[in-house]
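Protein chains: 2
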Amino acid sequence: MPAEPRTRLEIVPLDGIPEIEPGDDLAARVCDALGARSDLLPLLEDDVLVVTQKVVSKAEGAIVDLTTITPRPEAIAFGAAHDRDARQVEVVLQQARRVVRMAHGVLITETPHGFVCANGGVDASNVGPRSGDVVLLLPDDPDRSAAGIRTAIRERFGADIAVIVSDSFGRPWRNGIVDVAIGVSGLEPIEDLRGTPDHDGRMMRVTVRAVADELASAAELALGKSTGKPAALIRRAEITRGEGSVGDLIMPAANDLFR
Amino acid sequence: MPAEPRTRLEIVPLDGIPEIEPGDDLAARVCDALGARSDLLPLLEDDVLVVTQKVVSKAEGAIVDLTTITPRPEAIAFGAAHDRDARQVEVVLQQARRVVRMAHGVLITETPHGFVCANGGVDASNVGPRSGDVVLLLPDDPDRSAAGIRTAIRERFGADIAVIVSDSFGRPWRNGIVDVAIGVSGLEPIEDLRGTPDHDGRMMRVTVRAVADELASAAELALGKSTGKPAALIRRAEITRGEGSVGDLIMPAANDLFR
Numbered sequence: 001m002p003a004e005p006r007t008r009l010e011i012v013p014l015d016g017i018p019e020i021e022p023g024d025d026l027a028a029r030v031c032d033a034l035g036a037r038s039d040l041l042p043l044l045e046d047d048v049l050v051v052t053q054k055v056v057s058k059a060e061g062a063i064v065d066l067t068t069i070t071p072r073p074e075a076i077a078f079g080a081a082h083d084r085d086a087r088q089v090e091v092v093l094q095q096a097r098r099v100v101r102m103a104h105g106v107l108i109t110e111t112p113h114g115f116v117c118a119n120g121g122v123d124a125s126n127v128g129p130r131s132g133d134v135v136l137l138l139p140d141d142p143d144r145s146a147a148g149i150r151t152a153i154r155e156r157f158g159a160d161i162a163v164i165v166s167d168s169f170g171r172p173w174r175n176g177i178v179d180v181a182i183g184v185s186g187l188e189p190i191e192d193l194r195g196t197p198d199h200d201g202r203m204m205r206v207t208v209r210a211v212a213d214e215l216a217s218a219a220e221l222a223l224g225k226s227t228g229k230p231a232a233l234i235r236r237a238e239i240t241r242g243e244g245s246v247g248d249l250i251m252p253a254a255n256d257l258f259r
Numbered sequence: 001m002p003a004e005p006r007t008r009l010e011i012v013p014l015d016g017i018p019e020i021e022p023g024d025d026l027a028a029r030v031c032d033a034l035g036a037r038s039d040l041l042p043l044l045e046d047d048v049l050v051v052t053q054k055v056v057s058k059a060e061g062a063i064v065d066l067t068t069i070t071p072r073p074e075a076i077a078f079g080a081a082h083d084r085d086a087r088q089v090e091v092v093l094q095q096a097r098r099v100v101r102m103a104h105g106v107l108i109t110e111t112p113h114g115f116v117c118a119n120g121g122v123d124a125s126n127v128g129p130r131s132g133d134v135v136l137l138l139p140d141d142p143d144r145s146a147a148g149i150r151t152a153i154r155e156r157f158g159a160d161i162a163v164i165v166s167d168s169f170g171r172p173w174r175n176g177i178v179d180v181a182i183g184v185s186g187l188e189p190i191e192d193l194r195g196t197p198d199h200d201g202r203m204m205r206v207t208v209r210a211v212a213d214e215l216a217s218a219a220e221l222a223l224g225k226s227t228g229k230p231a232a233l234i235r236r237a238e239i240t241r242g243e244g245s246v247g248d249l250i251m252p253a254a255n256d257l258f259r
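Taken in order, these protein sequences are the chains called W and Z. Residue 1 is where the first sequence starts when you use the numbering used here, and the numbers rise one by one after that. Residue 1 is where the second sequence starts when you use the numbering used here, and the numbers rise one by one after that.
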């Protein structure tokens, strides 16, 4: 049987994006990295660029200097009980719309975006040389962050591709983190296949697939663990273009048995 | 900058696996499909084959004929209240080690394997022409299922690659299903990076990554929605070979704030 190169989904980590500092033009640096990869050009309509939250937050200056933080008594107690920096705990509580669980050293909150995640997405790793005294927050509006990168790519290359901002979240019941989408632009993050016949011709009743989360996880596999590469291009995934929002991925509280 | 083909992670759906019936030798059919792809041979040490649960369950005869099932009153009531087949609900309850939630039309159970998932992994879609009167159960021991396919590949091709059995699970707090690993052979499903320096040289404190789940999600992107292709080969993912078990992916009840 001949090779079928058209059916290969490819995930290409982008080299050459420099260390990003607050105020840097991340979208321009991503475009530079894409432009240097002649093997990826022209960009294709179903390409998806996945950019990790960390560089987005850094570029947007979503950084808190912990030396300016005075933890509340609850944060001091939780930090002391679980060997955690009380100032980090305070930042998580300040960012939280609601505390979902705060027990056994685990602090799970709902962010203003509606994400339910450990430490409200507040991130103390890989922040840079200032290390222990700085944490990263989630971007204010990760859909807007994704849209900004998408626009820059369209202006530079004349190609409108989808962009996802990804972050690493834990899950109940399963060990380990996986990358999920926290911001999207140019695709429908949920594929609603309800009522579509499956390959036996029967109706698939409840198949609503979180494609954007699967794309984020797939990109992580190529970006790997500690390489520091913050972006990957996914080619030939079966996506549905559209103007969806990451809000489509958030389960309404009314439907959620674990809120 | 020259192309860097070595850095491209590829996901290749396998064509030519016939419709699987109970008792069929799935591992042999997977080997046939691999053997027909000269472009993929020789197999490489870090290749990962992902096979979907549905064909594994069918080959192993993990099928229940609903006409033999007499639902208990609780199943009848739940089915009537939520427009569901009470016999399917009965099968889910029979398979459950514990009912985690049974409300608002959602039935979440813990399976004998330890998976917490909707309908205990009991699957009524794509089962074949008998449609409404048959459901698929999860394989008895999905690690063993994966190991059987791995052994067959090693015997046919002289290459020891990792194998994952995947299934689609929902998640609390987020809409939509994603594919995760329910059986593994030949890799460590969890990458424990605690204590490994990140690229700034700082210690990453709590980075335990569910690589096998990310691989399952990535494969789903290439297998797509209703094509019926049940297997994909992932090439050049950064995996750790080993003799891990899917049990490594299951959070111990003692650590789980949502059990």
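Bear in mind the hints are in silico, worked out from the structure with no lab data behind them. Bear in mind that the values here come from a model prediction, so they are computed numbers and not experimental data. The C-beta atom is built at its ideal place from N, Cα and C for all residues, glycine as well. Treat the hints loosely; a few may be bogus.
Stated by the list, open to error - Derived Cβ-Cβ restraints for the label pairs, each shown as a range: (1) Z/VAL208 with W/ASP32: 28 to 38 angstroms; (2) W/ARG97 with Z/VAL208: 23 to 33 angstroms; (3) W/ASN255 with Z/ARG154: 15 to 25 angstroms.
What the hints assert, rightly or not - Calculated cross-link-like contacts (lysine to any residue; reagent style SDA-like; alpha-carbon spacing at most 25 angstroms): (4) Z/LYS229 with W/THR240; (5) Z/LYS54 with W/ARG8; (6) W/LYS54 with W/ARG8; (7) Z/LYS229 with W/ASP15.
What the hints assert, rightly or not - Covered stretches of chain W (chain Z as the covering partner; in silico rule of three or more C-beta atoms under 8 angstroms from a C-beta of chain Z): (8) 8–20; (9) 62–75; (10) 146–153; (11) 166–175; (12) 208–222.
Review point. Is 28 to 38 angstroms a correct range for the gap between the Cβ atoms of Z/VAL208 and W/ASP32?
Key: 34 angstroms, holds
Exercise for review: Test coverage of the stretch 166–175 of chain W by chain Z using CB-CB distances below 8 angstroms; three residues minimum.
Suggested key: The restraint on the stretch 166–175 of chain W holds, since 6 of its residues have a Cβ under 8 angstroms from chain Z and three suffice.
Review point. Quick check: the stretch 208–222 of chain W, covered by chain Z? Criterion 3+ residues, Cβ under 8 angstroms.
Key: holds (count 12)
Review point. Mind checking, does the stretch 146–153 of chain W have 3 or more residues with a CB under 8 angstroms from chain Z?
Key: Our answer is that it is violated, as 0 residues pass the Cβ test (under 8 angstroms) against chain Z, missing three.
Review point. Holds or violated: are the alpha carbons of W/LYS54 and W/ARG8 at most 25 angstroms from each other?
Key: Outside the cut-off at roughly 29 angstroms; violated.
Review point. Is the gap between the beta carbons of W/ASN255 and Z/ARG154 within 15 to 25 angstroms?
Key: 45 angstroms, violated
Review point. Quick one, are Z/LYS229 and W/THR240 close enough, alpha carbons at most 25 angstroms?
Key: Answer holds: Z/LYS229 to W/THR240 is near 20 angstroms, not above 25 angstroms.
**Study point:** Verdict for W/ARG97, Z/VAL208 (Cβ pair) under range 23 to 33 angstroms
**Key:** 26 angstroms, holds
Check your understanding: Counting residues of the stretch 8–20 of chain W that have a beta-carbon nearer than 8 angstroms to any beta-carbon of chain Z, does the count reach 3?
Key -> Held - the stretch 8–20 of chain W has 8 residues with a Cβ nearer than 8 angstroms to chain Z, which meets the minimum of three.
Practice item. Starting from Z/LYS54, check that the Cα of W/ARG8 is at most 25 angstroms away, please. Key: 22 angstroms, holds
**Study point:** Proposed proximity, W/ASP15 with Z/LYS229 (alpha carbon, max 25 angstroms)
**Key:** Not OK: Z/LYS229 and W/ASP15 at ~33 angstroms, beyond 25 angstroms, violated.
Exercise for review: With a C-beta cutoff of 8 angstroms, work out whether three or more residues of the stretch 62–75 of chain W approach chain Z closely enough for the coverage to hold.
Suggested key: The restraint on the stretch 62–75 of chain W is violated, since only 0 of its residues have a Cβ under 8 angstroms from chain Z and three are required.
Comparing the model with each earlier hint shows violations of hints 3, 6, 7, 9, 10; every other hint is respected.
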